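Trainee: Here's the letter readout for the chains.
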Amino acid sequence: MRQLNYEDVAVGESLGALQLDISSTDVIAGAMASRDYSPLHHDYHYVTEEAGHRDIFLNTPHQAALLEKYLSDWSGPGGRLGRMRFTMKASIYAGDSIILDGEVVDKSVDASGCSWLKLKLWIEVKGETATACEVRYALPGKAQDSPWKRKGEAWQP
Amino acid sequence: MSELPEKVQSLIGKSSYACDADCEVSQSNVRALCATVQNANPVYWDAEQAESIVGARIAPTAMLSTWGRPERWSPTESAATKPLQLHYDLKELFGFPVAIVGSFESVFHAPVLIGDSLHTCQVLRSVSEEKDTRLGRGRFWVIEMQYHNQRDELAGVDTFNCFGYRKAGS
Chain P
4 MRQLNYEDVA
14 VGESLGALQL
24 DISSTDVIAG
34 AMASRDYSPL
44 HHDYHYVTEE
54 AGHRDIFLNT
64 PHQAALLEKY
74 LSDWSGPGGR
84 LGRMRFTMKA
94 SIYAGDSIIL
104 DGEVVDKSVD
114 ASGCSWLKLK
124 LWIEVKGETA
134 TACEVRYALP
144 GKAQDSPWKR
154 KGEAWQP
Chain S
617 MSELPEKVQS
627 LIGKSSYACD
637 ADCEVSQSNV
647 RALCATVQNA
657 NPVYWDAEQA
667 ESIVGARIAP
677 TAMLSTWGRP
687 ERWSPTESAA
697 TKPLQLHYDL
707 KELFGFPVAI
717 VGSFESVFHA
727 PVLIGDSLHT
737 CQVLRSVSEE
747 KDTRLGRGRF
757 WVIEMQYHNQ
767 RDELAGVDTF
777 NCFGYRKAGS
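Top line first, the protein sequences correspond to chains P and S.
Start counting the first sequence at 4; every next residue gets the next number (this note's numbering).
Start counting the second sequence at 617; every next residue gets the next number (this note's numbering).
Note that these hints are calculated values from the structure, not bench results.
Keep in mind that the hints are not guaranteed to be accurate.
What the hints assert, rightly or not - Among the chain P residues that face chain S by a calculated CB cut under 8 Å, a handful are:
no.: 1; residue: Ala36
no.: 2; residue: Tyr40
no.: 3; residue: Pro80
no.: 4; residue: Gly81
no.: 5; residue: Gly144
Predicted model, so just to flag it, every value in this text is computed and none were measured.
Ideal placement from N, C-alpha and C gives every residue a C-beta, glycine not left out.
Hey, can you work out the whole structure from these sequences and the hints?
Mentor: Printed below as a string of structure tokens:
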């Protein structure tokens, strides 16, 4: 895996689009791995006959995991999440084809020397944003600074 | 102006549903979720790389809420607590037929290590007056879910922005 550093990234840069197909197995596997046993994420009869949905749909931790994978693929393993703010606009159903996309909105170095990016990410279904996410993300900075080695006052997410 | 019931007022700022997680942070759950989303980050697949890059074997950061969820059944609890139980309590206290989470924010502090066991609590931060929206008339409330590890380090905080309401026209 490549590793991006703070100096490699420019404000306005696109993270690149990633297309994925979501199967019923994906929805159920993600819910079970995140210990979410709500029938909304595994019981087709319940969601279609009682809950008013057209199919089972991704739970929130699964969507967060998709976005974390997307970020990690882009930056390399040295990147570290500090903060994620989600707005869910529409459900993502089994059978949907999704596109994860994002861009760099801002970058700054805090008082402790930690190098931060402000990112805007989103998940699209059929050209519409289903989930929008604002992220504060740390990348390795100068002198081999690693976000993962930071703690206490040196980690201000 | 609609005043808050005393019972709701007394909940604001107080820690509720303090709970020791009944599961340890598990490599098998981590692998299962990484496999589902095809996350190839070597930190989650290779112990040596995890040690080199992070200094320990960890769970993906965004899995935080996974480690605070109760089991479906327990031999010692008569009724399972729902995740974010305070949200359902407020829905009940106000008598709203519907309550949703509109948005939420997660802030991540100490990394969650494989084998950690987290302690959670829920704090009601605010409740609004009744307001009319396109969904119906209701109240907004903000709940924090705090996660600490067994070393008493703050692992993270989820903040949920919720809305309980009666559908317009009902």
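Trainee: All hints are to be evaluated individually against the structure, with a verdict given for each.
Mentor: Evaluation of the provided hints:
For the restraint placing Ala36 of chain P at the interface with chain S, the shortest Cβ-Cβ distance is roughly 4 Å, inside the 8 Å limit, so the hint holds. This hint holds: Tyr40 of chain P has a C-beta 5 Å from the nearest C-beta of chain S, less than the 8 Å allowed. Against a cut-off of 8 Å between C-beta atoms, the interface hint on Pro80 of chain P holds, since the closest Cβ of chain S lies about 5 Å away. At a threshold of 8 Å, the smallest CB-CB gap from Gly81 of chain P to chain S is about 6 Å, leaving the interface hint in force.
About 15 Å separates the beta-carbon of Gly144 of chain P from the nearest beta-carbon of chain S, more than 8 Å, and the hint is not met.
Of the numbered hints listed earlier, the single one contradicted by the structure is hint 5.
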